[in-house]
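**Student:** One line per chain: the protein sequences are Y and E, in this order. All residue numbers for the first sequence refer to our numbering, where the first residue is 1 and numbers rise by one. All residue numbers for the second sequence refer to our numbering, where the first residue is 1 and numbers rise by one.
Quick caveat, the hints were computed from the structure, so don't treat them as lab data. One thing to keep in mind: the hints can contain errors.
Stated by the list, open to error - Some chain E residues well away from chain Y (every beta-carbon gap over 12 angstroms; in silico): (1) Glu10; (2) Gln27; (3) Cys96; (4) Gln134.
What the hints assert, rightly or not - List of simulated lysine to aspartate or glutamate pairs, EDC-like, C-alpha gap at most 20 angstroms: (5) E:Lys180 with E:Glu45; (6) Y:Lys188 with E:Asp234; (7) Y:Lys188 with E:Asp37; (8) E:Lys180 with Y:Asp31; (9) Y:Lys297 with Y:Glu260; (10) E:Lys106 with E:Glu23; (11) E:Lys180 with E:Asp210; (12) E:Lys180 with Y:Asp251; (13) Y:Lys188 with E:Glu283; (14) Y:Lys188 with Y:Glu260; (15) E:Lys180 with E:Glu312; (16) Y:Lys297 with Y:Asp35; (17) E:Lys106 with E:Asp171; (18) Y:Lys297 with Y:Asp31; (19) E:Lys257 with E:Glu201; (20) E:Lys180 with E:Asp57; (21) E:Lys180 with Y:Asp314; (22) E:Lys257 with E:Asp210; (23) Y:Lys188 with E:Asp290; (24) E:Lys257 with E:Asp311; (25) E:Lys257 with E:Asp234.
From a predicted model like this one, the values you see are computed outputs, not experimental measurements. By construction, the Cβ of each residue, glycine as well, lies at the ideal position given by its N, Cα and C atoms.
Residues per chain are reported as follows:
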Amino acid sequence: MATLDMTAPSDRRQALRRMLLIREFERAVRDNFADGEIPGFVHLYLGQEAVAVGACAALTDDDYVTSTHRGHGHCLAKGMDERRLMAELYGRSEGYCRGKGGSMHAADLDEGMLGAQPIVGAGVPLATGAGLTAQLHDRDWVGLSFFGDGAVAEGQVHESINLAATWDLPAIYVIENNLYSEGMTFEKQHNVDDLADSAAAYGIPGVVVDGMDVEAVYEAVTEARERAARGDGPTLIEAKTYRYRGHYEGDPEPYRTQAEVDEWRENRDAIDTFAARLREEDIIDEGDREEMEAAVKADIEAAIEYARDAPFPDPEEAYDDVFVEPNPDVEYFRERRDGAGSTGGAGR
Amino acid sequence: MSALDATGEELSVREALRTALREELAQDGDVFLMGQDEEDGGSFEVTAGLYEEFGRDRVRDTPISETAQVGSGVGAAATGLRPVVNVSYSDFIAICFEPLMNQAAKMQYMFAGATTMPLTVRAIEGAGFNAAAQHSGTVHTLVSHLPGLKAVAPATPRGSKGLMKACVRSDDPVVFFEHKNIYEQTGPVPEDEDFTIPIGEAAVLREGADVTVVATQQLVAEALSVAEERTDVDVEVIDPQSLSPLDTATIAESVEKTGRLIVADESPLSYGFHAEVVTRVVENEFYSLDVPVQRVGVPDTPVPFSPPLEDEILPTAEEIDLAVDRIV
Ligand SMILES: Cc1ncc(C[n+]2csc(CCOP(=O)(O)OP(=O)(O)O)c2C)c(N)n1
Chain Y
1 MATLDMTAPS DRRQALRRML LIREFERAVR DNFADGEIPG FVHLYLGQEA VAVGACAALT
61 DDDYVTSTHR GHGHCLAKGM DERRLMAELY GRSEGYCRGK GGSMHAADLD EGMLGAQPIV
121 GAGVPLATGA GLTAQLHDRD WVGLSFFGDG AVAEGQVHES INLAATWDLP AIYVIENNLY
181 SEGMTFEKQH NVDDLADSAA AYGIPGVVVD GMDVEAVYEA VTEARERAAR GDGPTLIEAK
241 TYRYRGHYEG DPEPYRTQAE VDEWRENRDA IDTFAARLRE EDIIDEGDRE EMEAAVKADI
301 EAAIEYARDA PFPDPEEAYD DVFVEPNPDV EYFRERRDGA GSTGGAGR
Chain E
1 MSALDATGEE LSVREALRTA LREELAQDGD VFLMGQDEED GGSFEVTAGL YEEFGRDRVR
61 DTPISETAQV GSGVGAAATG LRPVVNVSYS DFIAICFEPL MNQAAKMQYM FAGATTMPLT
121 VRAIEGAGFN AAAQHSGTVH TLVSHLPGLK AVAPATPRGS KGLMKACVRS DDPVVFFEHK
181 NIYEQTGPVP EDEDFTIPIG EAAVLREGAD VTVVATQQLV AEALSVAEER TDVDVEVIDP
241 QSLSPLDTAT IAESVEKTGR LIVADESPLS YGFHAEVVTR VVENEFYSLD VPVQRVGVPD
301 TPVPFSPPLE DEILPTAEEI DLAVDRIV
């Protein structure tokens with residue numbers, strides 16, 4: 001999705017619409033997962049919409065992002081099509097990964113989405129690698145990694161940021177600190193108040209932003225992107241945010257109170273805040289938000305229909321793409337299993 | 001007592017593991033558990049209630065940091081504790097291979113026995129949940145391949161309790177593989193608090209005269225169902241329980257009797273567990289084999305997400321049945 005100019009009213013409306021689209025997508029996933037239509041497990045992005053939208057609005061189509069197990073918002077903010085993303089969640093052949101990946105591995109390299117990465121912290125070195133390609137091939141893209149507060153405890157996260165810092169790579173690291181990692185509180189996993197403090201250890205800027213404010217995220221990432229483009233190296237951004245749903249759908253959430261969730265939803269919701277601001281500025285009027293909501297709802301309903309109607313992949317496709325060429329070993333085992341390679345009456 | 005006439009209370013695999021851990025925590029103050037969300041019962045609720053019972057010194061949450069979990073487990077084991085480290089999904093072992101492969105596996109040896117390594121690492125394996133490629137792997141071959149590490153992967157509640165207790169008591173490092181699809185399976189489990197199953201001992205779960213099926217984890221139940229359904233052949237089912245060391249004698253003895261061997265294991269088929277079992281039989285019982293051996297496993301692909309794709313590559317009873325057809 002193209003870069004937004006957050007000073008332009010039409011682009012500001014566009015940012016609101018993107019957040020609404022993510023919210024509606026996630027609500028639909030929540031409901032249809034509960035109904036058993038979506039296989040596997042899903043982790044929803046509800047509440048964190050401002051981070052993905054704010055960050056991706058500051059990026060170009062050529063920039064690469066890496067995502068997490070909570071990746072639908074990143075995918076949509078980066079410009080992936082909601083129908084094909086939904087089809088992937090449904091395990092259909094029209095999905096971005098032809099049903100091989102699902103929610104936790106959705107990817108679209110054409111839109112610069114290097115993939116959801118459910119191995120916690122695993123996306124961070126990949127963004128560093130995208131920055132390395134940019135530097136060596138003299139391209140003007142950056143690699144941006146989204147990762148959680150929990151991921152910050154993983155070794156490969158530190159190694160990767162340090163590498164990018166020492167090589168001045170065009171990379172941006174966005175921590176989405178939503179205060180929980182599965183059921184563990186932020187305080188239990190870290191001994192600091194601000195995760196961005198660790199930037200000092202790499203000798204790069206560390207920035208704390210309100211992750212419930214789409215413009216604050218946008219500004220921080222815009223600045224980080226300019227810095228990266230100048231060849232000045234990476235930036236570490238910590239966006240303080242909150243997830244409204246449990247860690248995964250079905251999580252009984254014994255680790256927090258409903259009152260806490262309600263407090264964030266009612267008083268700090270990113271969409272409400274931004275919509276109110278746009279109204280104050282007369283960029284939207286009374287009915288605009290409802291209209292937008294109705295429009296994205298229709299888009300998501302269409303996406304669900306599309307996913308439902310899409311065929312499942314042919315089981316034979318399970319053997320494709322292990323390597324570029326069909327793999328003789330895979331063929332060997334497959335054929336034996338099908339009976340063609342049976343013992344042929346040998347023995348006795 | 002053989003596995004065939006097992007008695008005791010009916011427990012699920014999950015309950016059997018929990019009972020084993022509870023008993024070992026109670027018996028030995030050096031035993032402690034650590035892992036992500038372990039205080040809340042850990043992945044798949046195996047350790048539910050243990051934090052309330054034993055407190056934070058003995059049941060500890062870690063940040064998401066598998067390298068530090070296993071690495072500090074190694075350090076603690078070398079200096080006097082008996083850590084049981086939960087790395088959750090076995091795919092995540094990839095992150096902590098350094099302390100596992102270079103430290104846990106080699107310290108006793110490199111230091112000429114100056115230290116022991118009473119470390120147990122719990123890892124959850126297997127497909128069947130549409131959890132896609134990074135949460136469905138069966139990696140026990142990788143671990144079994146490393147000299148200095150033991151690997152166990154029991155398939156029954158009895159085996160789960162007996163082996164977990166043996167692992168915690170073992171002065172050697174063991175990776176304990178739990179299959180995520182068998183936690184609910186129930187069966188009789190001895191109540192004796194000192195009941196253990198020696199690491200390296202297989203269980204003959206069904207005796208039969210015609211075909212030996214060495215099956216692991218969720219494929220054990222599949223093999224047993226095939227055995228019950230086939231009236232034309234008498235199938236013997238062996239759960240090796242321990243992958244490394246492997247109970248070669250029990251398997252060889254069975255093949256000597258049946259002359260036919262099928263190995264069913266959810267690993268990718270190349271260079272894996274199947275190959276090791278087959279080779280041991282060929283080395284020891286080559287002339288007992290009446291027909292070529294059969295392997296049932298995953299045909300060297302990662303595990304895909306979409307149900308029809310996962311079903312395609314995941315070995316099942318049907319495939320064991322086809323393998324039986326091929327050799328009788
Ligand atoms: C290497 C690894 N360890 C553990 C897990 C299990 N796991 C999945 S998500 C998660 C919590 C991640 O927390 P955080 O990074 O804060 O992201 P959030 O869920 O809050 O978005 C954990 C522990 C995993 N997927 N990968």
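**Student:** Now tell me if each hint is right for this structure.
**Tutor:** Results for each hint:
Every Cβ of chain Y is farther than 12 angstroms from the Cβ of Glu10 (chain E); the closest lies at roughly 26 angstroms, confirming the non-interface assignment. Every C-beta of chain Y lies more than 12 angstroms from that of Gln27 (chain E), the closest at about 29 angstroms, which supports listing it as non-interface. For Cys96 (chain E), the requirement that its beta carbon stay farther than 12 angstroms from each beta carbon of chain Y is not met, with the minimum near 9 angstroms. At roughly 6 angstroms from the closest C-beta of chain Y, the C-beta of Gln134 (chain E) falls inside 12 angstroms, breaking its exclusion from the interface.
At roughly 11 angstroms between alpha-carbon atoms, Lys180 (chain E) and Glu45 (chain E) fall within 20 angstroms of each other, so this suggested pair holds. The suggested pairing of Lys188 (chain Y) with Asp234 (chain E) is violated, with an alpha-carbon distance near 56 angstroms, which exceeds 20 angstroms. Restraint check for Lys188 (chain Y) and Asp37 (chain E): satisfied, since their Cα atoms lie roughly 11 angstroms apart, inside the 20 angstroms limit. For the proposed pair Lys180 (chain E) and Asp31 (chain Y), the alpha carbon gap of about 25 angstroms is over 20 angstroms, so the pair is violated.
The suggested pairing of Lys297 (chain Y) with Glu260 (chain Y) is violated, with an alpha-carbon distance near 28 angstroms, which exceeds 20 angstroms. At most 20 angstroms may separate the alpha-carbon atoms for a hinted pair to count; Lys106 (chain E) and Glu23 (chain E) exceed this at roughly 29 angstroms. For a cut-off of 20 angstroms, the pair hint linking Lys180 (chain E) to Asp210 (chain E) is broken: about 31 angstroms separates their Cα positions. Between the alpha carbons of Lys180 (chain E) and Asp251 (chain Y) the distance comes to roughly 17 angstroms, so the proposed pair stays at or under 20 angstroms and holds.
At roughly 53 angstroms between alpha-carbon atoms, Lys188 (chain Y) and Glu283 (chain E) are farther apart than 20 angstroms, so this suggested pair is violated. For the proposed pair Lys188 (chain Y) and Glu260 (chain Y), the alpha carbon gap of about 18 angstroms is at most 20 angstroms, so the pair holds. Distance check on the hinted pair: Lys180 (chain E) and Glu312 (chain E) sit about 19 angstroms apart at the alpha-carbon level, within 20 angstroms; holds. Under the criterion of a C-alpha separation no larger than 20 angstroms, the hint pairing Lys297 (chain Y) with Asp35 (chain Y) is consistent with the structure, at around 19 angstroms.
For the proposed pair Lys106 (chain E) and Asp171 (chain E), the alpha carbon gap of about 13 angstroms is at most 20 angstroms, so the pair holds. The hinted pair formed by Lys297 (chain Y) and Asp31 (chain Y) meets the criterion: a straight-line CA distance of about 14 angstroms does not exceed 20 angstroms. Note on Lys257 (chain E) and Glu201 (chain E): the hinted pairing holds, with a Cα-Cα distance of about 19 angstroms set against a maximum of 20 angstroms. The hinted pair formed by Lys180 (chain E) and Asp57 (chain E) fails the criterion: a straight-line CA distance of about 27 angstroms is larger than 20 angstroms.
With a CA separation close to 26 angstroms, the supplied pair Lys180 (chain E) and Asp314 (chain Y) exceeds the 20 angstroms bound. Between the alpha carbons of Lys257 (chain E) and Asp210 (chain E) the distance comes to roughly 8 angstroms, so the proposed pair stays at or under 20 angstroms and holds. The suggested pairing of Lys188 (chain Y) with Asp290 (chain E) is violated, with an alpha-carbon distance near 60 angstroms, which exceeds 20 angstroms. About 34 angstroms separates the Cα atoms of Lys257 (chain E) and Asp311 (chain E), which puts this hinted pair outside 20 angstroms; it is violated.
As the CA atoms of Lys257 (chain E) and Asp234 (chain E) are separated by approximately 11 angstroms, the hinted pair is consistent with the 20 angstroms bound.
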